[in-house]
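Q: What follows is each chain in one-letter form.
Protein chains: 4
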Amino acid sequence: MELPVNKHQMKRMQSYDAFIQAALQVIAEKGYMHTSIEDIATTAGYSKAAFYVHFKSKDDFLAAFTQNLIQEFIDRFLSSFILQEDWTASVRHGIRLFIELAERDQWCLIFFEFYQIALRDEEVRSKLQLHYANWARFLAELLDKISSRNGLRWQTDSHTIASLIMALLDGYNLQRNILSAPVDAQHIEEAVIRLLRAWVLPEASKEG
Amino acid sequence: MELPVNKHQMKRMQSYDAFIQAALQVIAEKGYMHTSIEDIATTAGYSKAAFYVHFKSKDDFLAAFTQNLIQEFIDRFLSSFILQEDWTASVRHGIRLFIELAERDQWCLIFFEFYQIALRDEEVRSKLQLHYANWARFLAELLDKISSRNGLRWQTDSHTIASLIMALLDGYNLQRNILSAPVDAQHIEEAVIRLLRAWVLPEASKEG
Amino acid sequence: MELPVNKHQMKRMQSYDAFIQAALQVIAEKGYMHTSIEDIATTAGYSKAAFYVHFKSKDDFLAAFTQNLIQEFIDRFLSSFILQEDWTASVRHGIRLFIELAERDQWCLIFFEFYQIALRDEEVRSKLQLHYANWARFLAELLDKISSRNGLRWQTDSHTIASLIMALLDGYNLQRNILSAPVDAQHIEEAVIRLLRAWVLPEASKEG
Amino acid sequence: MELPVNKHQMKRMQSYDAFIQAALQVIAEKGYMHTSIEDIATTAGYSKAAFYVHFKSKDDFLAAFTQNLIQEFIDRFLSSFILQEDWTASVRHGIRLFIELAERDQWCLIFFEFYQIALRDEEVRSKLQLHYANWARFLAELLDKISSRNGLRWQTDSHTIASLIMALLDGYNLQRNILSAPVDAQHIEEAVIRLLRAWVLPEASKEG
DNA sequence: TATGAATGAGGCTTCATTCAT
DNA sequence: GATGAATGAAGCCTCATTCAT
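Residue numbers (full-length UniProt numbering), protein chains in the order written: chain C, 1 to 208; chain E, 1 to 208; chain D, 1 to 208; chain F, 1 to 208.
No wet-lab data here; the hints were simulated from the structure. What you are looking at is a predicted structure, and each value in this text was computed from that prediction instead of being measured. Accuracy of the hints is not assured; some may be wrong.
Claimed, not checked - In silico DSSO-like cross-links for lysine-lysine, where the CA-CA straight-line distance does not exceed 27 Å: (1) C:58 - F:56; (2) E:58 - E:30; (3) F:58 - D:30; (4) C:48 - F:56; (5) E:58 - D:48; (6) F:56 - E:56; (7) D:48 - D:58; (8) E:11 - E:48; (9) C:48 - F:30; (10) E:58 - C:58; (11) F:30 - F:56; (12) E:30 - C:127; (13) E:48 - D:58; (14) D:48 - D:11; (15) C:30 - C:48; (16) D:58 - F:58.
Using the sequences and the accompanying hints, generate a full structural model.
A: Rendered as structure tokens:
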């Protein structure tokens with residue numbers, strides 16, 4: 001991901017990106033399981049053989065693709081998320097953003113499929129686990145920030161709370177996208193806020 | 001599922017079951033994506049051709065297998081679940097049972113993979129959706145039972161609450177099994193109970 | 001083809017015939033190439049295994065079927081054909097009958113397919129060759145009868161003439177059934193009669 | 001059918017032709033029905049997978065092969081056929097050429113098998129029908145040429161006569177190749193010429 | 001860098017046939 | 001005589017991958 005310095009490198013980056021973008025599109029449409037290298041190459045506008053100029057094998061590609069996927073998801077989230085004055089507003093804003101991103105371009109489906117792949121693929125697994133850990137840490141830090149700003153104290157450690165909230169969000173995405181249950185997103189926001197309140201030590205509770 | 005009355009029927013049932021059980025084992029191990037009919041047949045101790053005596057095609061098998069999977073999961077749950085006097089005990093018992101079942105024999109992994117498959121396979125999708133709806137209904141009825149027994153009133157309709165609890169459980173299973181996050185199951189029980197308390201109308205609250 | 005003398009033999013004949021008839025129907029519809037034993041058995045109302053009670057193998061069946069086909073074709077022709085006073089009437093009547101039979105129940109198609117099979121199957125070939133020879137002989141005798149009755153003399157030996165007429169008829173059937181050319185049957189009658197006249201020694205010609 | 005301009009195109013044409021030629025050989029030997037892609041590929045000296053580089057499926061191949069078969073047959077005929085001064089010589093020459101070509105390399109057998117296939121395969125059928133129509137037209141034009149050159153007039157329209165002659169030739173080929181009847185080719189020539197004479201309007205007859 | 005040609009391995013499915021009942 | 005279960009062999013096709021250009 002260095003900056004290109006000559007024409008060869010420019011070209012290389014162009015086609016590399018074309019493959020990644022094409023894969024994103026095809027995988028969203030047909031699922032990784034049913035996506036062949038031919039599919040990706042054709043969509044990218046290159047030949048199958050060109051694929052192997054960039055990636056040693058399909059597994060190699062998978063790793064690169066996964067990395068890209070994760071990075072882009074985080075980038076998009078962070079570039080849109082703004083901490084609000086009112087902590088409940090922050091929570092609602094964050095949840096909405098998360099769900100919105102997950103749904104755009106079928107990313108959610110792709111992620112769930114990659115969770116699946118992670119089961120059998122060490123490299124994908126470690127990448128996703130890191131990704132997940134990053135989110136958990138980000139959320140835990142957010143909770144700490146909230147608590148210190150609002151003079152709250154969590155009854156349970158913030159990392160555990162973060163994990164549970166992520167579970168709820170993941171489960172919700174699963175329902176929405178795979179099981180197509182029509183529970184409104186607003187209920188999720190409500191539930192998270194109630195959960196957070198329920199974890200606040202009673203005596204310290206003086207909401208911001 | 002009639003009882004067999006002659007040797008032919010005996011044999012047929014035996015081999016059918018052998019295929020289903022073999023599939024369960026192989027799919028848990030390698031994932032459906034990487035499971036060939038050869039794998040299943042060999043594991044079952046039969047020839048590939050024998051597979052086609054029972055199933056018209058791999059898709060046909062998938063449908064039968066999914067149905068079986070769902071049915072067995074429910075059967076096992078219901079045959080072990082006992083409503084407790086104390087509603088929190090009921091909730092804890094149910095959650096523990098659910099998680100335990102999901103983990104035994106890698107069922108959880110299989111289910112998540114089938115959610116994935118459901119995305120592209122109409123038949124599997126409809127079966128899983130029905131399965132999900134059944135669980136949601138079961139849970140909602142349980143909540144109603146709890147509320148009437150304990151003189152509680154839910155602030156939100158019980159079906160929505162049921163859906164959110166299931167989201168939490170699904171998300172938790174995802175973490176545990178796919179992302180291998182080590183949050184303890186007990187935190188989930190805690191969270192669910194707190195959530196339920198948070199949804200009880202304050203004035204009616206006189207816990208059983 | 002003996003008369004049955006006991007129940008076993010009765011049953012045997014019944015199912016045997018059922019297989020032959022079923023085969024006739026299925027083969028006419030899908031072609032021998034695409035007809036499986038399963039197809040025949042199912043259409044006959046028996047199991048695949050029952051097929052092997054009557055026929056040692058598919059090849060064995062093929063021989064029996066071919067024999068039956070030929071026999072029935074001849075039987076039908078001979079039971080309908082009536083020698084006319086006027087020899088041209090005889091010829092026209094015979095040709096019409098032949099074409100009609102060939103078309104009924106797609107027999108023509110079946111015959112052409114069996115010519116094909118004969119290429120690679122010794123047994124079928126010898127049966128069809130015998131069948132063909134019989135027709136040629138029958139026709140030659142007919143020509144002889146005509147010539148003696150009408151005081152004609154064929155310029156070429158009657159067997160050769162018979163062969164050429166059969167070639168014309170076969171070729172015509174090919175066109176009609178496989179190439180679906182719409183030449184009217186009446187032209188064939190015309191052509192045959194003209195051919196015959198052309199072969200009559202001029203001096204002897206005094207038509208009946 | 002452009003001339004190849006680079007090595008890739010050279011190679012492609014080479015292998016394509018190898019497949020077609022191999023198919024011609026194998027099909028002549030074993031019949032299309034019993035010819036597998038493996039057979040063709042092995043005979044051509046390539047792998048099965050290479051077959052699919054050129055043909056999307058066996059059906060697709062069938063269409064290409066049929067087209068090639070027809071084209072080559074016509075090309076060979078036209079490149080050898082020379083219109084003679086004497087019309088009977090033309091007829092004899094044409095018939096001999098036709099029979100000779102049909103027999104070389106077992107083409108006749110292949111054609112008859114493809115007539116068979118045409119019954120169940122729309123694409124092959126339409127190609128063969130076109131082929132047949134072309135022959136009929138060619139023959140009819142030839143007849144017209146003959147009549148105008150020799151001041152004859154056909155009693156029946158030339159297209160019908162052409163069809164009947166083709167029927168005779170087809171039927172003759174059938175006999176020769178499939179039923180192995182030993183009638184001499186010369187009888188066919190004789191018969192065709194007599195038929196043609198029989199169709200000439202008496203008054204106009206002043207043979208060339 | 002990019003490509004067309006080629007392939008080995010493997011997957012799904014069909015089918016003629018056997019055998020115990 | 002008739003059947004359901006089971007199979008080995010074979011067929012069609014896909015796909016990740018390599019290689020010469």
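Q: Now tell me, hint by hint, if it's right for this structure.
A: Hints versus structure:
For the suggested pair residue 58 (chain C) and residue 56 (chain F), the alpha carbons sit about 24 Å apart, so the restraint of at most 27 Å is met. Between the alpha carbons of residue 58 (chain E) and residue 30 (chain E) the distance comes to roughly 16 Å, so the proposed pair stays at or under 27 Å and holds. For the given pair, residue 58 (chain F) sits about 19 Å from residue 30 (chain D) by alpha-carbon distance, which is consistent with the 27 Å threshold. Taken as a hint, the residue 48 (chain C) and residue 56 (chain F) pair is honoured in the structure, with Cα atoms around 17 Å apart against an allowance of 27 Å.
A threshold of 27 Å between alpha carbons decides the hint, and for residue 58 (chain E) with residue 48 (chain D) the separation of about 24 Å falls inside it, so the pair holds. Between residue 56 (chain F) and residue 56 (chain E) the alpha-carbon distance is near 26 Å, which keeps this suggested pair within the 27 Å criterion. Note on residue 48 (chain D) and residue 58 (chain D): the hinted pairing holds, with a Cα-Cα distance of about 11 Å set against a maximum of 27 Å. Taking the CA atoms of residue 11 (chain E) and residue 48 (chain E), the gap is near 17 Å; set against the 27 Å cutoff, the hint holds.
Using a Cα cut-off of 27 Å, the hinted pair residue 48 (chain C) and residue 30 (chain F) is violated, with the two alpha carbons roughly 37 Å apart. For the given pair, residue 58 (chain E) sits about 25 Å from residue 58 (chain C) by alpha-carbon distance, which is consistent with the 27 Å threshold. At roughly 23 Å between alpha-carbon atoms, residue 30 (chain F) and residue 56 (chain F) fall within 27 Å of each other, so this suggested pair holds. For a cut-off of 27 Å, the pair hint linking residue 30 (chain E) to residue 127 (chain C) stands: about 20 Å separates their Cα positions.
Our distance criterion of 27 Å between C-alpha atoms is met by residue 48 (chain E) and residue 58 (chain D), whose separation comes to about 23 Å. Between residue 48 (chain D) and residue 11 (chain D), the direct Cα distance comes to roughly 17 Å. Compliance with the 27 Å bound is thereby established for this hinted pair. Taking the CA atoms of residue 30 (chain C) and residue 48 (chain C), the gap is near 18 Å; set against the 27 Å cutoff, the hint holds. A distance of roughly 25 Å separates the Cα atoms of residue 58 (chain D) and residue 58 (chain F); the hinted pair therefore holds under the 27 Å criterion.
When the structure is compared with the earlier hints, a violation turns up for hint 9 alone.
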